[in-house]
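Peer 1: Here is what each chain is made of, one letter per residue.
There are 2 protein chains.
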Amino acid sequence: MTILLSNDEIACLLNMKDVLEALETAYLEAAAGRAILGTRAEIITETTHPESVYQLKMMSSLISSLGVGAVRINSDILSFPTVGGKKRRKKVPLAPGDRWTGLVLLFSTRTGEPLMIFPDGVMQRMRVAGASALGAKYMAREDAKTVALIGSGWQAGAQAMAIAVVRNVEQIRVYSMTRNNRDNFCQQISPEIGVDMHACEDIENAVMGADIVLCATNSQSNVLFRKFIKPGMHISTIRDNEIELAAIKAADHVVMHDSSSMDFDHYNNTHGIKVADQKKEAGNSPDMAYLREVPTLADLITGSAKGRTSENDITCFLNYRGLAIQFAAVGAILYERAKARNIGNHMPTEWFTEDVLP
Amino acid sequence: MTILLSNDEIACLLNMKDVLEALETAYLEAAAGRAILGTRAEIITETTHPESVYQLKMMSSLISSLGVGAVRINSDILSFPTVGGKKRRKKVPLAPGDRWTGLVLLFSTRTGEPLMIFPDGVMQRMRVAGASALGAKYMAREDAKTVALIGSGWQAGAQAMAIAVVRNVEQIRVYSMTRNNRDNFCQQISPEIGVDMHACEDIENAVMGADIVLCATNSQSNVLFRKFIKPGMHISTIRDNEIELAAIKAADHVVMHDSSSMDFDHYNNTHGIKVADQKKEAGNSPDMAYLREVPTLADLITGSAKGRTSENDITCFLNYRGLAIQFAAVGAILYERAKARNIGNHMPTEWFTEDVLP
Chain P
923 MTILLSNDEI
933 ACLLNMKDVL
943 EALETAYLEA
953 AAGRAILGTR
963 AEIITETTHP
973 ESVYQLKMMS
983 SLISSLGVGA
993 VRINSDILSF
1003 PTVGGKKRRK
1013 KVPLAPGDRW
1023 TGLVLLFSTR
1033 TGEPLMIFPD
1043 GVMQRMRVAG
1053 ASALGAKYMA
1063 REDAKTVALI
1073 GSGWQAGAQA
1083 MAIAVVRNVE
1093 QIRVYSMTRN
1103 NRDNFCQQIS
1113 PEIGVDMHAC
1123 EDIENAVMGA
1133 DIVLCATNSQ
1143 SNVLFRKFIK
1153 PGMHISTIRD
1163 NEIELAAIKA
1173 ADHVVMHDSS
1183 SMDFDHYNNT
1193 HGIKVADQKK
1203 EAGNSPDMAY
1213 LREVPTLADL
1223 ITGSAKGRTS
1233 ENDITCFLNY
1243 RGLAIQFAAV
1253 GAILYERAKA
1263 RNIGNHMPTE
1273 WFTEDVLP
Chain V
923 MTILLSNDEI
933 ACLLNMKDVL
943 EALETAYLEA
953 AAGRAILGTR
963 AEIITETTHP
973 ESVYQLKMMS
983 SLISSLGVGA
993 VRINSDILSF
1003 PTVGGKKRRK
1013 KVPLAPGDRW
1023 TGLVLLFSTR
1033 TGEPLMIFPD
1043 GVMQRMRVAG
1053 ASALGAKYMA
1063 REDAKTVALI
1073 GSGWQAGAQA
1083 MAIAVVRNVE
1093 QIRVYSMTRN
1103 NRDNFCQQIS
1113 PEIGVDMHAC
1123 EDIENAVMGA
1133 DIVLCATNSQ
1143 SNVLFRKFIK
1153 PGMHISTIRD
1163 NEIELAAIKA
1173 ADHVVMHDSS
1183 SMDFDHYNNT
1193 HGIKVADQKK
1203 EAGNSPDMAY
1213 LREVPTLADL
1223 ITGSAKGRTS
1233 ENDITCFLNY
1243 RGLAIQFAAV
1253 GAILYERAKA
1263 RNIGNHMPTE
1273 WFTEDVLP
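Heads up: the sequence lines are chains P and V, in that order. The first sequence begins at 923 in our numbering and counts up by one. The second sequence begins at 923 in our numbering and counts up by one.
I should point out that these hints are in silico values taken from the structure, not numbers from a laboratory. Certain hints may be false.
Since copy identity is lost for identical chains, a pair holds within one copy or between any two.
Each computed EDC-like pair below joins lysine to aspartate or glutamate, with the alpha-carbon atoms no more than 20 Å apart [unchecked claim]: (1) Lys1059 to Glu1126; (2) Lys1013 to Glu1272; (3) Lys1059 to Glu943; (4) Lys1013 to Asp1277; (5) Lys979 to Glu1126; (6) Lys979 to Asp1235.
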């Protein structure tokens, strides 16, 4: 059977601790040359929705020791509204029922068959937050207990859950632009993770005295600045421009998720549509070039790079763009759980395979 | 609804004439910059099946005027047996029920939603044969009526169907290595296409006096040689090494499906597994380098390249590796037909979309 899962089922089957373990395995396999990444593809064209473009994005990977390959496909209508004077990238939910389209397909490297098909949303934020938390695990002070969280959206929720797994977090201070959002966010997430959370009026107040600062916004411009950074602090980001370059440069140790993510060669044939150009400018600016040389998360996990050498070090983890090996590793656990507990829509594998030679 | 189709349903819904029309549209759109190709990904790793490797292959494209994007995924166990002294590439059907795994997903560029999911087999051979037939349409003599077909497998069947659409074919002479296969093939296909077909004992007899020679084997080594080629002949191939290089060089006009298919940069991270190396050697040999300069099928269709200038010209169409725009263009027609005739398994689109922000 090929298992079709929903996001709700995935949220039931996976917990953040499992995700962290699966991700550590994936990076160790990658470091040992046993996890393989496919070339990414991102193509952009016109769409009928006003002031928007259509983007089809694919990533893929294989982890032979787990016997799986994963393909993630995102099929998005992208718009770029200005909110509070800052430019944001917004995916417009135009599929029937006002929904988004992101799919992961998991294949067996032993038989070729499609094992599982599922929406990417829940796993997406768990693997992003999981990588951020692994960054903190290897870079933040052991005794870190106060966290500032910038952002109160979907990604921010997972960041709160994940950071609580790797440190004994006593308090999370949340800032986001809209008061209602940050208040609701704290009320909802705090009981889920059993950590005191409160909303702050501005970033400076949230960050002041924090041991760890996690940026998880959808802002295209800087939100965390050099002036807020204090000795001993660990800062992290999930998006190119969230942290001011001067703040990154102020860190004693900078680690990037995977420096190959700085290459934008996979943006091809975009008809000169501006979106791609903007991304290229952001990623390939000369200021950012030195980031190609920094260690990766895999280097931290294998011990070939040190995350922190003293209590007063400022450390910075750049969780730019994920890797498809995350979906393969977490997908492998998810598949075993769904199969064992008979959860999901179990469909005949014959529907997704064929008896003629392709 | 998201439509799930089977190969049998696709064979009912599509005919070769439609495919040829859809492909011509696709190449015109591509030439006008309105059809976009994603970077391909091919990744290879170990598998548990003896003397085999696992390969995950992805291609993608967008045709904005048709409102669709297509992703094709192949998840294959590859073995390389030697048959009749020649090396072949064989996909081993190891999915449940001894099946292969090749899927196409069609997305809307207007809403992002997945419109259709289907196995690639039937469309795969129709689009390969369709491109070969378009090559013949623009390159073979107008009065061509005798065809030699080398091969009697899945691809060869479609080649016979497609060539009969573009020329008034009176006879097809078939050669393949196993007598039984070629005899059965002729008996089966001849009534389907209403053309006299007969099996030949060797390639030389099949090719002698033919106006068009179509190679459609799965051989990794040469099957059509310089010595068989006569003035006025049109020759074509669907695989890198089927036609001897000297035979290609003997042609007055050589056209390649798409010269970008000569780049193998998408083979990455293959762990030094030999498969990839062999492919690289075949494709990137210095002898083949000049092929980068030859016109493409799109050039023929737009008229920017001439396929033939005299009755006695030898013409050669190299239908190496397909393009994902073929799946988008033919997929768009297929979707309209399946929807209009209510054919296939219509599943809730909610199963393949999500209400959380990916």
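Peer 1: Against the structure shown, which of the earlier numbered hints fail to hold, in ascending order?
Peer 2: Numbers 1, 5 and 6, in rising order.
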